[in-house]
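Line by line, the protein sequences give chains V and B.
Each residue of the first sequence is one higher than the one before, counting from 1 in UniProt numbering.
Each residue of the second sequence is one higher than the one before, counting from 1 in UniProt numbering.
Honestly, the hints are just simulated from the structure, not real lab data.
Just so it is clear, CB atoms sit at the ideal spot from N, CA and C, and this is done for glycine as well.
Among the hints, a few may not be true.
As the list claims (entries may be wrong) - FRET-style restraints, in silico, Cβ to Cβ:
1) B:Gly274 <-> V:Ala30: 50 to 60 Å
2) B:Asp231 <-> V:Thr40: 48 to 58 Å
3) V:Pro151 <-> B:Pro200: 15 to 25 Å
4) B:Gln16 <-> V:Ile136: 13 to 23 Å
What the hints assert, rightly or not - If you want the footprint, here are the derived chain V segments under chain B, 3+ residues with CB under 8 Å:
5) 31-42
6) 45-53
7) 56-62
Stated by the list, open to error - Taking beta-carbon pairs under 10 Å as the criterion, some of the chain B residues facing chain V (in silico):
8) Ala31
9) Asp124
10) Tyr135
11) Pro142
12) Phe144
13) Ala145
14) Asp199
15) Pro254
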Amino acid sequence: MSDNDATDDANAGDGSEETAEPTFEAAEYADGTVTYPPHTVSPNGAERVGTVDLREYEGHVLTWTTSTATPPGVREPNTLAIVEFELGDEYDGPAVRALGQIAGREDDSGETFDVDIGDRVEPVYAGELREPGAGIREPESQAWDGFRFRPVE
Amino acid sequence: MERVAIIGASMTPFGQRDAWVRELLAEAGAAALDDAGIDGDDLDHLYVSNMASGEFEGQTGVPNALAHDLAAQPAYTARIDQTSSSGGAGVYAAWQSVASGASDLTMLVGGEKMTHRTTAEATDVIASLTHPVEYKQGVTLPSFAGLTARLYLDEYDAPRESLGKVAVKNHANGVDNPHAQFRKEVDLDTVLDSPIVADPLRLYDFCPITDGSAALVFCPESVAAEYVPEDEYAVVSGIGGATDTHVVHERADPTTMGGVVDSSDIAYEMAGIGPDDIDVAELHDMFTILEFLQSEDLGFFEKGEGWKAVEEGVTDRDGDLPINTSGGLKSKGHPLGASGVAQVYEIFEQVTGNAGPRQVEADTGLACNVGGFGNCVTTTILEGNQ
Chain V
1 MSDNDATDDA NAGDGSEETA EPTFEAAEYA DGTVTYPPHT VSPNGAERVG TVDLREYEGH
61 VLTWTTSTAT PPGVREPNTL AIVEFELGDE YDGPAVRALG QIAGREDDSG ETFDVDIGDR
121 VEPVYAGELR EPGAGIREPE SQAWDGFRFR PVE
Chain B
1 MERVAIIGAS MTPFGQRDAW VRELLAEAGA AALDDAGIDG DDLDHLYVSN MASGEFEGQT
61 GVPNALAHDL AAQPAYTARI DQTSSSGGAG VYAAWQSVAS GASDLTMLVG GEKMTHRTTA
121 EATDVIASLT HPVEYKQGVT LPSFAGLTAR LYLDEYDAPR ESLGKVAVKN HANGVDNPHA
181 QFRKEVDLDT VLDSPIVADP LRLYDFCPIT DGSAALVFCP ESVAAEYVPE DEYAVVSGIG
241 GATDTHVVHE RADPTTMGGV VDSSDIAYEM AGIGPDDIDV AELHDMFTIL EFLQSEDLGF
301 FEKGEGWKAV EEGVTDRDGD LPINTSGGLK SKGHPLGASG VAQVYEIFEQ VTGNAGPRQV
361 EADTGLACNV GGFGNCVTTT ILEGNQ
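Given these sequences and hints, build the entire structure.
Right, dumping it as structure tokens:
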């Protein structure tokens, strides 16, 4: 399942200038588990041995909400979902999930796609998920690009 | 290990206050010293529970400032920050200082000044506790509540109205709390028709932004009667602290708060009791859905059944297990660092028979203080001495 060796940078692949196409990087560990985001060790304490690019997988919506009271630099409203990835029959570790924004429709309506519990979705890259520096967090302390989700056609 | 008693308690009015954090802390601290009949320089340790005075107000170093304001030097001081559970963590630190024998007299003061900030700014300060992959998506604590509420309603076939009934109950309780931010009943239609904040949750499913402070004084049980009459102190019979994942979506079951389960297991074992022995409880209802989750994860009700207890009136003030007789964070308010201290203040008032119109029959009470979205939790059990 691994794409490459583990790195110490939890945000590696999130818009790195050396990476032509950003990856949706989860970590794989020696005990076979996968987590997103990557951690220093697995939930059982096993060391990292590689990465998994979640762009290669679809998932389903575990739950969702539309937030109408958003912090500085965040789109309003902001529809968010917790998505559970389907990593295949070979994977029997803990569920691999991500929290992500629901992507906007491509029809200039300014609206996001409608989703519901159980809907199948796929990741889609966004260069900037919220405005760096508008909120309290130091802009240089983390990446601001990443992945939204859109329904699978 | 020394058994620990609480011999004094106070809280300021919660709400929109002109006072800044130093003044709020001093107000509650002075009142608790007075309640225990001691002076600042009697204290060996002085703890301050506070999440973000630097971020909110540009005031750091609050424990030393408070020690000076209360003439408590040379007491040892420390600031306890565990986000929204800073108060509970402070109770743990204060208990530990006395139980270990390091201090014979400890005061804990929790406080926060927030209302000078806009809702968006305050929300962002609180959301800064999240992991970078969560923060960049614009997540807020209310949106975690919306995500979890939708899953809970779907998984356990609970009606949306049951969440609204938590708000109705806790607002009714807050009417009789002179310290509460909101002392006004609301009806279910008002809750269900209020503006959406994080679908399916609406404005009245959320606690307000609040200024306020609360304080407790701790000493060994063996000397408590030297300070106050025997029926005026309570014993910390059980206390436990625990954590869950930092990243919320990594929890095996997002409708279970592992930190609540683990911290209460520790507290029950220390007290030698179980959930059936609890007479009254203060739960961290920052959002209505949290009262369901905690009431289940503390073992009061089976998983997925907490909503039924609210529907059936079990958790009303005159029910079998009154929950949030103070009005909870929902009605009383939620000044982050003060909230966990104020929860224990309410249980102290209940088990010493001093809760006035809010009084219920209670020998044993429990407070559950939650940080983040269940990330850090402290559960405290008090027993009265009446």
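Structure-based check of each hint:
1. Checked against the given bound of 50 to 60 Å, the beta carbons of glycine 274 of chain B and alanine 30 of chain V, roughly 40 Å apart, lie outside it.
2. For aspartate 231 of chain B and threonine 40 of chain V, the hinted distance range of 48 to 58 Å is satisfied, since their beta carbons lie about 52 Å from each other.
3. Our hint of 15 to 25 Å for proline 151 of chain V and proline 200 of chain B holds, since their Cβ atoms are close to 20 Å apart.
4. Between glutamine 16 of chain B and isoleucine 136 of chain V the Cβ separation comes to about 22 Å, which falls inside the hinted range of 13 to 23 Å.
5. Under a criterion of three residues with beta carbons nearer than 8 Å to beta carbons of chain B, the stated coverage of the segment 31-42 of chain V is upheld, 3 such residues being counted.
6. Given as covered by chain B, the segment 45-53 of chain V fails the check, having 0 residues with a CB less than 8 Å from a CB of that chain where 3 are the minimum.
7. For the segment 56-62 of chain V, the proposed coverage by chain B is not satisfied: 1 residues have a C-beta within less than 8 Å of a C-beta in that chain, short of the threshold of three.
8. Violation of the interface hint for alanine 31 of chain B is found here, the shortest Cβ-Cβ separation to chain V being roughly 32 Å, above the 10 Å cut-off.
9. A least Cβ separation of about 4 Å between aspartate 124 of chain B and chain V falls short of the 10 Å threshold, and the interface hint therefore holds.
10. Interface hint status for tyrosine 135 of chain B: upheld, as the beta-carbon distance to the closest one in chain V is roughly 6 Å, under 10 Å.
11. Annotation: proline 142 of chain B was flagged as interfacial toward chain V, and the flag holds, the nearest CB pair being 6 Å apart, inside 10 Å.
12. The beta carbon of phenylalanine 144 of chain B comes within 8 Å of a beta carbon in chain V, closer than 10 Å, and the hint placing it at the interface holds.
13. A distance limit of 10 Å between C-beta atoms decides the matter here; for alanine 145 of chain B the minimum to chain V is near 8 Å, and the interface restraint holds.
14. The interface hint given for aspartate 199 of chain B is met, as the beta carbon of that residue sits about 4 Å from the closest beta carbon of chain V, less than 10 Å.
15. Restraint check, proline 254 of chain B versus chain V: the minimum CB separation of about 7 Å is within 10 Å; hint holds.
Figure legend: structure checked against the earlier numbered hints; hints not met, in rising order: 1, 6, 7 and 8.
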